[in-house]
Amino acid sequence: MAQKPSIPKGTRDFTPSEVAKRNYIFDVVKKHFQIFGFQPIETPSFENSETLMGKYGDEGDRLIFKILNSGDYLKKVDEELYSSKNSTKITPKISEKALRYDLTVPFARYVVMHQNELNFPFKRYQIQPVWRADRPQKGRFREFYQCDADVVGSNSLLQEIELVQLYDAVFTDLKLKGATIKLNNRKILAGIAEVIGAKDLLVDFTVALDKLDKIGEEGVKKEMLSKGISETAIEKASPLFNLSGSNVDQLQMLGELLKDSEEGTKGVDELCFIVEAVASLGLQSCNLAIDVTLARGLNYYTGAIFEVSAPKGVSMGSIGGGGRYDDLTGIFGLKDVSGVGISFGLDRIYLVLEELSLFPKAIDRSLDVLCLNFGNMEGLAALKLTTVLRNAGIKADLYPSAAKLNKQFKYANSRNVPYVILLGEQELIDGSFVVKNMESGTQQTYSIDNAQEFVATL
RNA sequence: GUGGUUGUAGCUCAGCUGGUUAGAGCGCUGGAUUGUGGUUCCAGAGGUCGCCGGUUCGAACCCGGUCUUCCACCCCA
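Following the working numbering, the numbering of the first sequence begins with 125 at its first residue and continues without gaps.
Bear in mind the hints are in silico, worked out from the structure with no lab data behind them.
Not one of these hints is a red herring.
With a cut-off of at most 16 Å between alpha-carbon atoms, the simulated EDC-like pairs for lysine to aspartate or glutamate come out as follows: (1) K306 / E394; (2) K190 / E174; (3) K360 / E318.
Treat the numbers as computed from the prediction; the structure is a model and nothing was measured.
Let the hints inform the model, and build the full structure from the sequences given.
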């Protein structure tokens, strides 16, 4: 029996128009990746489970799609383990592969496996889908694309500066004005935790701090208290809650707060360097803002942390993120290779551009010219003309049957075709064809032997 | 994973307190118009009311389950 087809939760089909818009973003991002000297790689859509598991924290493990083993996968589970119903213990027995959760960890694996072939510093970009078993909501999907650019093998802060420029270049090209590149540094967060005497609670401290603009100062303090951070520690950290002023002002205050922490001071120095350099280089359409509450990806970032938020007034989570990780390849056995990278969230950028109507107007124009079909002889002549146009690189098509002109014109309309060519009985005799401009409604006649004359007007 | 929300024609949505044959706009098809689209007019097609079960004389409407959508957590692009 025929059943109603459906697709899994959090996945999508894309229409021709959507694909055109997505490709537009891909092309812009890719172009700037290449201009900045990044090279493309691809990795498999699924990895060995042990490559992925444990790299994103407990929460991440939960969100990784596991692939069931082929064959009689329950055979390897002994009776005792089976009856224990312990999912975390049974999972590795019945699933040895998992879908890619992001592009960074597979890249680290790639670098380690190919270390002898790579020329460091290695700048790679990668545009591929990733999968997360998350609960979907607006801008959150279970299958989505990440566009990553990372540099490994250089600990120069110039890389961070270039990555800020790369964000700016892409968003400028996309005509997206007013995106904010938020910048923080893991060392600053560690320094604060150290200074207030909560060094071992760094992650809890920063996760709570991250929610400042969402749940407010009181909410953050409450969460910190519940995580076991002392009242006096919170009191010491309270200047952070009201940090304001320019980037330079904020860094000055942070420098003061962290003067007794070597690590924190180093973080402040790093940010100062980046902020000053970016200020002197200038940005075209993005803002750069220090944000000490920014605390994403702490599982592996060690230095700079980036996150890009959409322009004000657009309700959308971050549209990009990234950071510096000094030891990501360490977990795969390659020490002392520093990496830094950023990611563009294609699906979210799409939603933002759509909301702000920033896609180029003619982006889903799939045809430049449609030849109408008047019958056997005329149709054949029109196909010849279509071929000439195609050879000239014009997106041209011939309506396949001699349907009523009304219908053929309506088809041209729905396809958004700017020019329609009429080649009927009379034109066949005259050796001509008529071009109708569908927007203005005007018509012009050209000689069939001189189609170039028409081509030149396009 | 927790709590909530949504689902009716291809699309956007009405549908009263449970009551006969479930409606509109847009789109689609045909015609006015066999060589001229967008505007207009006329006609028509199209729905197991997400799915499964229950309550009831009777369910699009009430109840349970399930899937899906969106939202808030968690986390994150």
